[in-house]
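Following the hints, complete the assembly by docking chains W and L onto the known chain Y.
Protein chains in written order, with numbering that gives the first Met the number 0: chain Y, 0 to 504; chain W, 0 to 524; chain L, 0 to 492.
It is possible that part of the hints are untrue.
Label pairs and their computed distance ranges (CB to CB) [what the hints assert, rightly or not]: (1) W:62 - L:468: 36 to 46 Å; (2) L:282 - Y:296: 41 to 51 Å; (3) W:472 - L:430: 37 to 47 Å; (4) Y:487 - L:98: 35 to 45 Å; (5) W:478 - L:442: 48 to 58 Å; (6) L:96 - Y:456: 14 to 24 Å; (7) L:148 - Y:456: 11 to 21 Å.
Source of the hints: derived by calculation from the structure; they are not laboratory data. The beta carbon of each residue, even a glycine, is placed where N, CA and C say it ideally should be.
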Amino acid sequence: MSYLELLGRVAPETIIVITALVVMAVDLVAMRGEPLRNRFWVSAGFAILGCVICIGWLLLIEPPAASANASGGLLPSLASMFTDDPLTRLVKVALLALTICTMVISVEGTFTDHVGEYLALVLMATVGMMLLVSSTDLLMIFISLELTSLSLYILTAFNKQNIKSAEAALKYFLFGGMSAAFTLFGLSLVYGLSGSTNLTQIRAVLSSGAPLDPLLIMAMVMAAVGFGFKIAAVPFHLWAPDAYEGAPTPSAALIASGSKLASFFIFAKVLMVGFAHAGGSGAWHDYQAGWLPVLAILAALSMALGNLAAIVQSNVKRLLAYSAIAHSGYALLGLLANSPQGVSAVIFYMATYGLTVVGAFGVVAVVEQSEGDARISNFAGLSRREPLVAFCMMIFMLSLAGIPPLAGFFGKFYLFVAAAAGAPNLGWLWLVIFAIAMSAVSLYYYLQVLKQIYVVAAPAGQRTMKAPLTSKVILAMLAIGVVALGCAPNLVLGKLLGSIKAFGL
Amino acid sequence: MGLRGIMNHFPILTILTATPLAGALLLLLLPAGNQRLARGLALAFGLLGLLWVALMWVNFDATSTKFQFPEQHDWIESLGAQYYLGVDGLGLLMVLLTAIVTPIAMLASWRINDKVSTYMALMLMLQSGLFGTFTALNFFHWFIFWELSLVPAFFLIKLWGGPGRSAAATQFFIYTMVGSVAMLLSFLAIFWATKTFDFKLLADMGQSGQLTSALNAAFDGWLPSRHDFLPLVIFAGVFLGFAVKVPLVPFHTWLPSAYAEAPTGTTMMLTGVMSKMGVYGFLRILVPLFPEQMRLVLTPLLWFAVATIVLSACSAFAQRDLKRVFAYSSINHLGYCLLGIFAVVKFTGGEEPWNNEKAAALNGVLLQMFNHGLTASILFCFVGYLEQRSGGLRGLNDFGGLRKVAPIFCGLMGISIFASLGLPGLNGFVGEFLIFKGSFSLATWATALSVIGLLVTAIFLLTMIQRVFNGPLNVKWSGLPDLSWPERFVVLPATALMFLIGLCPQILIGKINVTVMHLVEQLKF
Amino acid sequence: MLAWTVYISFIGVVALMLLPASQARRARGVALLAALFGLAVGVVGVVTRATGMQTVVRKPWIPDLGISFYLGADGISLTLVLLTGLAAVVGILFSWNIETRAKEFFAFYLALIGGVYGVFLSFDLFLLFVFYELAIIPKYFLIAIWGSTNREYGAMKLALYSFVGSAMVLVGIISAYVVAGGKTMNLLELAQFPFPIAFQHWAFPLVFIGFAILAGIWPFHTWAPTGHVAAPTAASMLLAGVVMKLGAYGALRVAMTLFPQGLVFWRNEIALLAVIGIVYGAMVALVQKDFKFVIGYSSVSHMGFVLLGLVTINSIGLNGAVLQMFSHGIIAGLLFAVVGRMVYDRTHTRDLTVLEGMNLSKALPFAAGTFAVAAFASMGLPGFSGFAAELQVLIGAWSAFPTFAVLAGFGILVGVAYTLRVLQKSFFGEPVPDAEHAPHPLPPISIPERIGAVILLAATVVVGLFPNLLLTMIDDGFKTHLFDAVLRNGGAS
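Chain Y on its own, in the form it takes in the complex (with noise of 0.2 Å):
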């Protein structure tokens, strides 16, 4: 294979990188002077051109045929760390399409002077994330999730003016670099007992051994211990209240929405494939080792942390985190299910989960903007100052919250299915019914939000909102979004189903 061949396989993160350098240049070059609303504009602009332009590679360039291996030399090695297929190509368009609606709620904000550097950083982010959902080699997530680690840390640190925002990416960075390391053994175990670091080549190695080897337990902690880092997963969420919190609001909605899509579908990937037989079972009385025990452990923790701290959180930001924290607890469930709905219900659930929270956060930099922080306060009177914010607003608490006919629901419903029918016996029924009871208690704090917002007056003397026009378009377009994957989930489900199934998970 040949170098274009290779490029050719890695079309849409190169052009992606080239945006990100015609941004940076762009805005040191020409827009130096302007005002910083117009370098936002512009540059923003540019950046959605590249998206765009990439989105429109991956619907309409086919995939490479399957038998595009040539033999020998070093090509062909790396030619089999990613894959391109459908499966794959839908989740970069979605995360694509998360990056962009971060960008344009990026637009209005004021908290950094370097305009390029932050929206290449962006970009650079999502390369990262567009070669991790694609990588079916040990190393090259690793070389990933540290691309888009590194990328995360400084966004989180953009806003100079705020101390807060310093705190909190250093202590992302410091937790997310021992995480790193963590992870980094636990592959480099997993290496040493299969001889390779194809996730295929993997599977088959580890099929054959019967009894559980303790050292493959070991890697399995290991790297459960570094994707639950970048998932929030209880134990391993502690910087994310503070990085939701200090982080500059557009920063903090990437981290939410885009970062957690990809760890996701690769956690997905690395468990159901590399370590497809060693799951062992957390059915109700029927405990085998394995990892999906431990992932059940995970996600009851993160349920219930999650939702139960949110409900004594008195900034948005903060409470969106806790918040975070419990969704990926749910979402875990889907991977507990062990099986093509399974994972379908998890890229479901984190997509439209991504599009809730990024609308959710473009609120919030809609309030922080007017009153300066996010206090659950300041949301006060929204309903009469804002109405169609308000609205929106009230789609994605709704949504979050899990309620019909939003796609939150439906969401929700799909993964406690797919939990459900995973284990027979309905051996998981135990861990949904936690789930489902903590989604009840949810409710709770979200609909504190929608108090402030609909129910408590406006204090006297507000000076009246503004909010800036691409903000509303912006989160009407998000909220009809959501309620149209809720209300139409057929849309986008078949073509899912489909290319889960023709991957072979």
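Leaving out everything else, chains W and L in the frame of chain Y:
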């Protein structure tokens, strides 16, 4: 045939019940100010009812045991509820009583000034409820009227009554409801066992013992399996419903307050007709459906009757409020009815001389119902007149020597008192005499004890005459006006009726005898 | 065509949202139009009904999961659709005077109505659940924004209780779906599936109680009095009148049909809870000092009859239960209308001791008359719809649990007592000759209120005298295949 034939196909009973309702509706829609119009209209509708009953009376076939002027339509098939009306001798008598007492009660309420049209409308609604109760032959249909008659009575007491009216009205309503709910539950059990609400069918089943066996079969295993226990419980429920209404001691405690606090016209309705609902229920429902059960508990029932008669008479003697005196006296008089009924239930195997005694007793019961209704209402009417004249006083010791200033009043009231006493020649005598004659051979000791009631009644009534009419004139009342001509117009017809029935009871007995014989026949075994 | 009841409600919501803020008065007109249209569709549906079950709309929705958009109607659905139509129209009439944020009020109101219509017409479990959950949010806002006493607490309590109830139902639905193969959510098909007995033993109470929480089953009823008192009048009317019936309907339509053996296993316990609810609700109502609390607890008591009727599992009892759903819907609407709109809006107090001294029967004769009739109807006096319904439930109960029938009768008596008490204290108390509180004349009862009251009064009298109008429909509904297994297992009557 002719007119009678036409009558039998003409929905006279529906019209009878609907007429007062129509009148009530009209009155409610009338603008509030015009009191004379309201009173006149109400009286007109009341008298219209009397006209319908007169028509029925004339066309009633006194030789038939069937229910006459029948109307029967399916209403709610799945529940066996039918719109089923009809009268036999008993029903006719009760309907006549209602038609007579209501206009008199309205006339006695002529002085009411407050919300006249509502008052009269409620009276008419009450009359409609009573007509309905006495003519209905299907439990669902009958129960509607039974319950609905409570509502106007409640409001009449509550809104126009004396100082203690709230408590009296509430007590009245709740007591009656307790009985009604018990009765309802029992009838629902009966329905579940027999799938019918029809009184006639159920009576047949009761006679043949089918009812008992159906109940036992349907509720097998619920209560301890002693054979008689379950039907007895069901019987107790129905019994309670009627016992509260009559009332039977010890379920009578609602009555004195209710009668005392209610305005005069309402008390007349209460004592004149509503109390008869209970006795009617005994005759129409309890006895035909549960003869076996009644025989099982005959002795306790007779004790209840005797207690009612004697204790109420003694209580009447102890009262100081004239209205309460007559209230307890009402309980006493109705006790005789129950004595007669319980005596008749006794098992005698259908032999001739016993049948005659039973027929006598039952005739007496029906007559007593009618006569007491008439007499008691007039008595309360008189007390009402007295109250109006004295500015609200109606104590036994408040008056004295009224004969000197209001001779006509005392004379006419005296006649009514003697009628209540049971003086031969007046209507009260016939009924009581027949009851005692019939019951003496059937339930000797009970009858003997009841004579005490007669004695005590005589004592307190004569005492009343002595304290109120005779004796030294209390100076306060020297200016007491005598009975005015309108008032005489109200009481004279009733007084005449008392004499008429007293001297010629055949007028009534002629119509009811066949029904009575039929009832006795059914208790053959 | 019946689906239009749902569609028009949501179209109404959108129309109201787009109405400019200056046109607030138009809002109530738009809402009334939508509600009237829904009622008209309901009436036409009742009049032109076919026997058995008819399919209204059936389109595949999410085929990969076997979920379809399946709306249908049988006699039971039609009865409740009719009730919803009446309650919706009358509720708007009684809210004619809302001034603050009228647009949003009617938008939430119509959203709630739309959800309720949807539940009554759904025959796909997923769809039914969607509408059921969807109705929770408008309730929260209606109470939290326009309510009175303790409204934020009441609203949150109601929302959370409802959500917990539906969480229980969701667990049951998912389990049933998975056990039946995960291929279909069609209620009719799932009802045919022979679920294992051991499964039914835990699934049935989970789903039944989950739904019954919304119906106010004891001891999970405490949201009802608090919520009803906190809610504004129209919302209370809807809550007690229609939304509580959602719970009972769900229990009937889903829990009982899917798990007939489970039903037989648990019926005595549920009957016990129902009877406790009847008696307890009545006894607590007897001692309340707040007018609205009396009515709130009376709703709990009346719903006990519905639940008792449901578990008698014979056709008389079941018919009675559905008839009681309709009857209580109307009567509760009347009671709350009088308490909230006619009395509280004018006197600004619900304390019975204070009201006693106000001599309201003179000041508000129409309200007094309406409440008197409503009170007697609520007692179960014959001639009104409640009698026919309670009669049937009691007959059904005699066959299944005679002791409970007697206890229920006792409950009726306590009902008479508290109703009489509240009637006396509220309207027919002794006027207090108190100079300092000389009552300024109260505004008269307005035309929309009168129309609303007359509609409801007429409904309860007509159904009371001619219950066959509804009973034929209801009986027909129970004769469909869906209820075969239920009636068989219970020993059909």
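Hint check results:
1. W:62 - L:468: 36 to 46 Å: Since the Cβ atoms of residue 62 (chain W) and residue 468 (chain L) sit about 42 Å apart, the hinted range of 36 to 46 Å holds.
2. L:282 - Y:296: 41 to 51 Å: holds (48 Å)
3. W:472 - L:430: 37 to 47 Å: holds (40 Å)
4. Y:487 - L:98: 35 to 45 Å: For residue 487 (chain Y) and residue 98 (chain L) the Cβ distance comes to about 39 Å; the hint holds.
5. W:478 - L:442: 48 to 58 Å: Distance hint for residue 478 (chain W), residue 442 (chain L) holds at roughly 49 Å.
6. L:96 - Y:456: 14 to 24 Å: For residue 96 (chain L) and residue 456 (chain Y) the Cβ distance comes to about 21 Å; the hint holds.
7. L:148 - Y:456: 11 to 21 Å: Cβ of residue 148 (chain L) to Cβ of residue 456 (chain Y): about 18 Å, so the range 11 to 21 Å holds.
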